[in-house]
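Colleague: Given the coordinates of chain G, work out where chains P, Z and E should sit on it, guided by the hints.
Listed below, chain by chain, are the residues.
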Amino acid sequence: MPQSNETHYDFSQEELLICVISRLLKGIEHVACGVSSPIPGSAALLQRKLSGGSTRVTILLSENLQFLNDGVTELFDCAAQGRIGAFFLSGGQIDGKGNINLVGVGDYPQHKARWSGSFGSGFLYFVVPRVILFREEHTRRTMVETVDFISAPGLSEPGVYRPGGPYALVTSLGHFSFDKKRGGFCLETIHPDHSLEEIQDNTGFDFTIADGLKETPVPEPELLELLRGQIAEEVADPYPKFAKVVWGV
Amino acid sequence: MPQSNETHYDFSQEELLICVISRLLKGIEHVACGVSSPIPGSAALLQRKLSGGSTRVTILLSENLQFLNDGVTELFDCAAQGRIGAFFLSGGQIDGKGNINLVGVGDYPQHKARWSGSFGSGFLYFVVPRVILFREEHTRRTMVETVDFISAPGLSEPGVYRPGGPYALVTSLGHFSFDKKRGGFCLETIHPDHSLEEIQDNTGFDFTIADGLKETPVPEPELLELLRGQIAEEVADPYPKFAKVVWGV
Amino acid sequence: MIIYPDAESIAQAIPDGAQIAIPASRSGVAMAVTRALISQGRRNLHLIAAPTSGFQAEMLIGAGCVSIMESAGVTMDEQGQAPCFVRAVKTSTIELRDSTCPAIISALQAGEKGIPFIPMRGLLGSDLLRYRPDYKVIDNPFGEEDDPIVLLPAIVPDVALFNAPLADRNGNVWVGSTRELMTLAHAAKKTYVTVEKIIDDDLYKDKLRAPATIPNLYISGIAEVEKGAWPLGQPYEYNIDEPHLENYVRQAATPEGFAEYMASNVTMENRNAAE
Amino acid sequence: MIIYPDAESIAQAIPDGAQIAIPASRSGVAMAVTRALISQGRRNLHLIAAPTSGFQAEMLIGAGCVSIMESAGVTMDEQGQAPCFVRAVKTSTIELRDSTCPAIISALQAGEKGIPFIPMRGLLGSDLLRYRPDYKVIDNPFGEEDDPIVLLPAIVPDVALFNAPLADRNGNVWVGSTRELMTLAHAAKKTYVTVEKIIDDDLYKDKLRAPATIPNLYISGIAEVEKGAWPLGQPYEYNIDEPHLENYVRQAATPEGFAEYMASNVTMENRNAAE
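Residue numbers (the working numbering), protein chains in the order written: chain G, 1 to 249; chain P, 1001 to 1249; chain Z, 2001 to 2275; chain E, 3001 to 3275.
A portion of the hints provided could be inaccurate.
Stated by the list, open to error - Straight-line C-alpha distance at most 20 Å; calculated DMTMM-like pairs for lysine to aspartate or glutamate: (1) E:K3190 <-> P:E1063; (2) E:K3205 <-> P:E1063; (3) Z:K2189 <-> G:E29; (4) P:K1097 <-> P:E1145; (5) E:K3207 <-> Z:E2237; (6) G:K244 <-> E:E3078; (7) E:K3189 <-> P:E1063; (8) G:K241 <-> E:D3200; (9) E:K3136 <-> Z:D2147; (10) P:K1241 <-> Z:D2139; (11) Z:K2205 <-> E:E3078; (12) G:K49 <-> G:E222; (13) Z:K2090 <-> P:D1107; (14) Z:K2207 <-> E:E3242; (15) E:K3207 <-> P:D1237; (16) Z:K2207 <-> G:D237; (17) E:K3136 <-> Z:D2139.
These are calculated hints, taken from the structure and not from any lab test.
Only chain G is shown next, with the shape it has when bound in the complex (with noise of 0.2 Å):
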């Protein structure tokens, strides 16, 4: 795995991935992060350029680019109404039907890990439409074969009210869509440098292949160019360390 610094390509993994993540969002209306989501947050604001301002970008807890001024039941209401299309969730373990952990390894309550909990996963999985699984580390630690604790399940019952769910995963090896008719993960693109045999002796569960596989697309200069220019620029607001420490704005 390159870091950004000893790459040979002219972008950093994190460029990759606002980049793969962008795509991901297009057609949203309004997209929702959280603070300490500087990928997701910066891809959903370089969405919104793109979009020519049509996606509307919320970022929790930030000074200017959120919407909230009910309380913390607001992002959850705005969910429920089906006015978020897509938002961001991570897992300390995800498995090959969606299901994410947020809450530990062993069993429980007496983890052999413990993480900080499930957070707003148990219900925003529900209701968003468009869910980005979005984990850095693609490791058999992380991409299980069945989650310790499901903080959240990818799939449900036939009847369970469930407008939102699982859309797409992406970590720093490749990018997988989630298909809800078979109940499991197909890897689209595999990101520069890396290779299908990688990903599969890193990942616990099984997934699909697609027809199409291809490698990620490479963030073309001029995504770049908007990416370090104004972009970085709207990243520092919300997220100045990240804005620092790759784009050093």
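Modeller: Using the frame of chain G, we list chains P, Z and E on its own:
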């Protein structure tokens, strides 16, 4: 029925009723009333003074005497939380079981007479412990055997959650208590210049008569002084027209 | 979010048959839009008073724009009964959905939260419940013994319509303490607001106003309409025009009187607006 | 409503075993009171994070004050995992009630509305639901076909505890956009608030602040405590003290390190306060 301007008492009917209602509010921590209920509102303000300020008064939609800033839901939520000890309701018809009708005369929905509607009664009558029914007109038109429409029932089946309900009925003729066990009104006092016979003639429902039935105590001179001085000034804020008509302030 | 030039354009955005949530008379009523709806001959409106209404419902009913009236009360307040409403009830020209204030508000809050229903205490044994087949009674699943409780279906209005003191050019709307307007905007599919004034400053950058501001996310359109609530009052701005309403109630005591009032108030205003 | 002289007196008003609702780390956390609760050796607290917690729950758990932790997340945010929380989970020294953010908030809103339960979408098929026997699933009575939905029992906390920017001498508390604090105060039986500043002016007479002010009706006590949220941040006032928290997380990686941190921060502060 003597008019206030021709009475041979040195108090008006309004003053008498204010004092009657004020006594019914003793011990209440928080009393709320509507902006178009000047007699109950004045009684609440009098009771606040007599309580040394331990009775809190909220007058809805008044600028200085309300606590609401969470929209119209707050009064009802607040009552549901048990934070309102007393409230006032009225009725186009009131019957002997404490049922009140704020909707209309005759069959629903095509009434012979239609009133405004039930407002908060269908809820507040259930949750406010001390609901005081106040209706000046005491005739067989208002005090009926059975209401034509139950906006809110006086009694509930066993098992129904009902911390609140009718506590008393005050009219231009007298003051009744409500006996929840028996499920009916009991005449407690008759206002000066009126008689039991007059009340019986003008009441469409059966009621019991208190053992110690007596004349409604007339307002003490000190109380009248207080009412016409400080309280009149306070009343003038939420109820300017009323204060002007009754006390010329 | 569209900034409309006037009340008439907002009225045009509201179709026949729309389910419209409107605030109580003292909370900020879009009366200019109401007159425009009448002028434009809107029909079959389903009004949801949140939780009561007055002159707005009264005029719309009198003008034949309303087919369903859902409310905890229709009253001209100090001015007395609403004459057209009372006539319409007696002649069954509108379908009534009588309720109690917190039931309507709770159902809108359920709409706001995207939940299909919400429980409420009270109502049991009332005729309100009897005539509302859409309200259901279940046994409280958390109760230790029999504990019947009413469930109210959520209300998601097609449109929320009201008047507010202030908006900015981005469509953020300041409502102050009339917080129920925020609930209406959250619950409704579309929200149209007339405001007394549109300002250039961003209400979101105003630390003191932001907490009582409805974000433009929920706002479909605004229009600057001075005295947009007249002859009703507007919180923070002006009081109710009592003589006007007193005169109205006197005049509208007969259908002919109502027609005269409309001829000299609604049509005329529209003629002026068109000039 | 009592105006207390300091954070310690507020802590004294909160008994052992109390069910305490606390806001998220960024909403205004009463950290000075938290340290006082620890100094005073409070035990068996049931913390309800609304909906998550961080340093506050972490310290109280580390100091052995907590028996039940109900939350959608306990995290030191940028500083990483909460070490004492993680240790307590692994050794089962606290009872966990894991949930998801909107479930805790909805349950508090049910408490605020005096309803026994509230429905919520989501949760079905999760282990959160599996381990919460107090959450019930019913068939939506308004659904046309099978439509399972979760019902959450209302939360009515014994105490709501938080820090806010401003109060007046009547005990009205301005919270600005951190509206969840209003929900907490409405829902809880008693509400104690430390504020950065108590002002002489009546917040109710301040047209701009009143809409974001919790009325004293809901407030049991306030105390003016400058930097009452430190080392966390306070909206409208100051940012989080990152170096302090980074140092904490490093030190508290071992129980011994946590004891050292407490010795040099909590006890000492109390000694100072007593002088």
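Colleague: All the hints need checking, so say for each whether the structure fits it.
Modeller: So, going through the hints one by one against the coordinates:
no., hint, in the structure
1, E:K3190 <-> P:E1063, "violated (26 Å)"
2, E:K3205 <-> P:E1063, "holds (9 Å)"
3, Z:K2189 <-> G:E29, "holds (15 Å)"
4, P:K1097 <-> P:E1145, "holds (9 Å)"
5, E:K3207 <-> Z:E2237, "holds (12 Å)"
6, G:K244 <-> E:E3078, "holds (16 Å)"
7, E:K3189 <-> P:E1063, "violated (27 Å)"
8, G:K241 <-> E:D3200, "violated (41 Å)"
9, E:K3136 <-> Z:D2147, "holds (16 Å)"
10, P:K1241 <-> Z:D2139, "violated (48 Å)"
11, Z:K2205 <-> E:E3078, "violated (26 Å)"
12, G:K49 <-> G:E222, "holds (13 Å)"
13, Z:K2090 <-> P:D1107, "holds (10 Å)"
14, Z:K2207 <-> E:E3242, "violated (25 Å)"
15, E:K3207 <-> P:D1237, "holds (18 Å)"
16, Z:K2207 <-> G:D237, "holds (18 Å)"
17, E:K3136 <-> Z:D2139, "holds (13 Å)"
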